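Visitor: Each chain, letter by letter, is given below.
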Amino acid sequence: MNEKVIETKDLTKRFGNFTAVDRITFDVARGEIFGFLGANGAGKTTAMRMLCGLSCPTSGTGYVAGFDISTQPEAVKRSIGYMSQKFSLYEDLKVWENLRLFGGIYGMDDREIARKSDEMLAELGFEAERDTFVRALPLGWKQKLAFSVSIFHEPKVVFLDEPTGGVDPITRRQFWELIYRASDRGITVFVTTHYMDEAEYCDRVSIMVDGQIRALDSPARLRAQFRAETMDDVFQQLARQSTRRSD
Amino acid sequence: MMLKYLLEKEFKQMLRNRFMSKLLIALPLMTIVVFPYVTNQEVNDVKLSIVDLDHSPASSRLTQKAASTDYFRLTDVSPTYPDALKRIEAGDVDLVLEIPPDFEHDLQNEGTASVRIAANSVNGTQGSLGAQYLASLVNDYSREWREENGAASLAMPEVPTFDTHVRYRFNPMLDYKVFMVPGLIVVLLTLLGGALTALNIVGEKEAGTIEQINVSPIPKHLFILSKLIPNWIIGLIALTFGMTFGWAVHGIVPEGSLGLIFFFSMIYIWAVTGAGMVISNYSDTMQQAMFVLFFFLIMLLLTSGLFTPVDSMPLWMQRLTILNPIRYQAEVMRLIYLKGSSFGELLPYFFWLCGFAVVFNTWAVMSYRKSL
Numbered sequence: 001m002n003e004k005v006i007e008t009k010d011l012t013k014r015f016g017n018f019t020a021v022d023r024i025t026f027d028v029a030r031g032e033i034f035g036f037l038g039a040n041g042a043g044k045t046t047a048m049r050m051l052c053g054l055s056c057p058t059s060g061t062g063y064v065a066g067f068d069i070s071t072q073p074e075a076v077k078r079s080i081g082y083m084s085q086k087f088s089l090y091e092d093l094k095v096w097e098n099l100r101l102f103g104g105i106y107g108m109d110d111r112e113i114a115r116k117s118d119e120m121l122a123e124l125g126f127e128a129e130r131d132t133f134v135r136a137l138p139l140g141w142k143q144k145l146a147f148s149v150s151i152f153h154e155p156k157v158v159f160l161d162e163p164t165g166g167v168d169p170i171t172r173r174q175f176w177e178l179i180y181r182a183s184d185r186g187i188t189v190f191v192t193t194h195y196m197d198e199a200e201y202c203d204r205v206s207i208m209v210d211g212q213i214r215a216l217d218s219p220a221r222l223r224a225q226f227r228a229e230t231m232d233d234v235f236q237q238l239a240r241q242s243t244r245r246s247d
Numbered sequence: 001m002m003l004k005y006l007l008e009k010e011f012k013q014m015l016r017n018r019f020m021s022k023l024l025i026a027l028p029l030m031t032i033v034v035f036p037y038v039t040n041q042e043v044n045d046v047k048l049s050i051v052d053l054d055h056s057p058a059s060s061r062l063t064q065k066a067a068s069t070d071y072f073r074l075t076d077v078s079p080t081y082p083d084a085l086k087r088i089e090a091g092d093v094d095l096v097l098e099i100p101p102d103f104e105h106d107l108q109n110e111g112t113a114s115v116r117i118a119a120n121s122v123n124g125t126q127g128s129l130g131a132q133y134l135a136s137l138v139n140d141y142s143r144e145w146r147e148e149n150g151a152a153s154l155a156m157p158e159v160p161t162f163d164t165h166v167r168y169r170f171n172p173m174l175d176y177k178v179f180m181v182p183g184l185i186v187v188l189l190t191l192l193g194g195a196l197t198a199l200n201i202v203g204e205k206e207a208g209t210i211e212q213i214n215v216s217p218i219p220k221h222l223f224i225l226s227k228l229i230p231n232w233i234i235g236l237i238a239l240t241f242g243m244t245f246g247w248a249v250h251g252i253v254p255e256g257s258l259g260l261i262f263f264f265s266m267i268y269i270w271a272v273t274g275a276g277m278v279i280s281n282y283s284d285t286m287q288q289a290m291f292v293l294f295f296f297l298i299m300l301l302l303t304s305g306l307f308t309p310v311d312s313m314p315l316w317m318q319r320l321t322i323l324n325p326i327r328y329q330a331e332v333m334r335l336i337y338l339k340g341s342s343f344g345e346l347l348p349y350f351f352w353l354c355g356f357a358v359v360f361n362t363w364a365v366m367s368y369r370k371s372l
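Residue numbers (my numbering), protein chains in the order written: chain A, 1 to 247; chain B, 1 to 372.
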């Protein structure tokens, strides 16, 4: 593969005696949609937080967009977008105000923000909602908006932590269209999910069990490898090996 | 540049918060208009019971004298001292004055007589002050009596007496409000500056929006600054309201310069907003921040000298109060308001308050963690 946007080697995070992430090694190429699967408590979110510079690794190395996540977390943060599991736009700000705020935070100027806002609202079909308070939007719309905000500054990688939780199938489909469009523009997408149909949409998928990556390949090859009909079967086979109590 | 967008956000959120604007009016109103009456420690209207066992002209004159002051209200004349004590227990009476059977006889023949004063000290201030007033009233009476019957009536050695004239400087009428209003303005600054700041960042932690900030490249000092600046302005508005109410309602205006008051208040606001930010950084939930805040606020307010003089605290506590920022600002406000002190006279306070501001704000920036 070509340019590596994410590269980790033996990346580990321990909390006291508990090893949340246990020596994971993988890389993700530019423009790839990388599915990061695992049961609850398998260590996905912890691994993702390390890659985003929110959490410092206990050992091992990790590079995101060419920056060391242990020593240059702030440089990493400039090159990435992040959409957390918990909805995190400002509910008491209007749609355009959220765009303006996050654009400004990533160093865009007023003109650039205005241009990009128009473009993005048109793409989402949200022109009429420009002046709506975010708290008044339905959940599916909020998720789409949050995703758009996370890639508003055209980052190299965007990290999505269960972005479609609690959203209806139609909206989920639309959400994935947005992901594809971002990927077409060259934005690398790193996504965690519990929906196995979504796993099929990914270029490559890793499956974490008890803090370790137990499988990593394209969905088709994983199905062949585990002699399974669906990704769901693959996931079930691996997740049952877990000795960790899920939360 | 980034700060512009962050400030825009903070101000929009602040102006949209209806609770906030109500608080900004209601708190100064309560604190400055109502509290000075409530925190009044002057003692008057003490309920007095007199047990007159003498029934002489001298004893009834003393009774009348006590009854004619504003401090005491003669509510009861009990036949015996135990009866009067029962009235104290029932809460009908605060003070008992017992005049013994031979009062007039002793006065005339021996030149001295004793009376008994009993005070209900459940309310300590009222008990001790009431008893003091009553004792001085009895002294007054005895002086009058001597002047009238004087050396003429008996061969009593001339007792030297001292007349003490106290002039109360800086608050000649000993008006409690003049003393309390500047102090209560400090309470206002502390609550609106410190307390609100403490809740702000925790609010973002609870909403989850802090994640989106932490994962962005915002330098943390800019983020903290964007949280502090609106609170500085709130603090200055609170100060203005407080001083205006103090003047409009109680007619209290500072003796010293307005500019100096704003100058010191600004430094104090820096210090308390910084302290609020520190609490915010160490708390995960609003509830936790509230409890920590209560703990410190109550402790620091009670030892600040706002309500009870620092000089009357135990020595170890007096020493501890040098670490209490509220104490410095309370003294500064009273000095400027009552005494009209100049900057030169307040220089030590200036250094202490600056010290607090620097320490708390540095601590706030240090303790904010974008990465764990």
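In short, the hints are calculated from the structure, not lab data. All figures in this text were calculated on a predicted structure; none of them were measured in a lab. Fair warning: there could be bad hints in the mix.
With a Cα cut of at most 27 Å, we get these calculated BS3-like pairs of lysine-lysine [to be verified]:
#1 K22(B) - K94(A)
#2 K22(B) - K86(A)
#3 K22(B) - K4(A)
#4 K86(A) - K116(A)
Visitor: Hint by hint, note whether the structure agrees.
Guide: Going through the hints against the structure:
no.	hint	in the structure
1	K22(B) - K94(A)	holds (23 Å)
2	K22(B) - K86(A)	violated (31 Å)
3	K22(B) - K4(A)	violated (55 Å)
4	K86(A) - K116(A)	holds (25 Å)
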